[in-house]
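Undergrad: In case you want the letters, here they are:
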Amino acid sequence: MSVNVVLAILVTSLATFSSRFLGVISSEGIKETSKLFRWFNCLAYSTLAALIARTIIFPVGVLSDASYFSRATVVLFCLFIFFISKRNFVYPTVISAIMMALLSEHL
Amino acid sequence: MLTYALPGSLVMAESLLVGASLLNIFLAVWFVNARLYPMTVSLFPLMMHKSQPKWKYYFSCHFIAVSAWLIMKSNYKNIKKKHRIDFWIGIGSATWTTAVIGTFIGFYSSDYLDKNIMIGLAILNPIYFLCMMVGAMKTIQIGASVILGLLLGPIFYFLSPEWSILLGGLVGGTIAYFIGELNVS
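The listed protein sequences correspond, in order, to chains A and B. Heads up, the first sequence is in the working numbering, so the first residue is 463 and it goes up one at a time. Heads up, the second sequence is in the working numbering, so the first residue is -15 and it goes up one at a time.
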């Protein structure tokens, strides 16, 4: 079993690194002012946004035990904090953990 | 340390639990982490300079992850192009080291943490990323990319959970690109 785990980690590392490495190879022929670069920029931002939305709405692991209502409440409240704190990243991040722990205990 | 991408690591763990083959694990992780390709292509052209050796780029692409990527995207304009790759290696080393140390602490402390605290800690990362993404919405093109990704990712989940992130990113990003181009022209 331990050998399988080591092999699985190596295979996972290879699969993960290959996307990054291919990205660097492709980058050598792409100018930062080109339309292709702007398209990839949009793809990257959109893909990350999709990943974040999925992590919050359809989570895997312990977060799936929290209700939709409590997750939505934390997200909206933290975005509110983010804007009133002049786009500070620390306050909403810290508040999210405290608020989520309290809501999951009482809801 | 080697895998360094959360969704891929989760897929590996799930695949191991159901007894999947190494080829299946490779393909599953590759599909899940394919988002790293556009992330790399949208960042590395900003850092490439002919005076810098290529090994720095090949080595440091391992640091591509949401946190380091967003930090670099927010700050690259303040750094001369020649020095951007060195700045990136600094950010990447810091985030990667923090991730490794955090993984050790999380692994050994998880047995002693209350479940509610674990749920609280689990939402910390997505909220931080969400705020960084919203903070990055400074142009119509990026704003549309983020909003469409946030909407389409969960919608595509109902069609295909495995492909929802890539499909949401591809469709949302392409629509946002055309919105931005039309707005400029």
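Worth double-checking, as some hints may not be accurate.
Simulated pairs of lysine-lysine, DSS-like, Cα-Cα distance not exceeding 25 Å [unchecked claim]:
1. B/Lys34 to A/Lys548
2. B/Lys34 to B/Lys65
3. B/Lys34 to A/Lys493
4. B/Lys40 to B/Lys57
Simulated from the structure, these hints should not be mistaken for lab results.
Undergrad: Checking against the hints above, which ones are violated?
TA: Violated hint (a single one): 1; every other hint is consistent with the structure.
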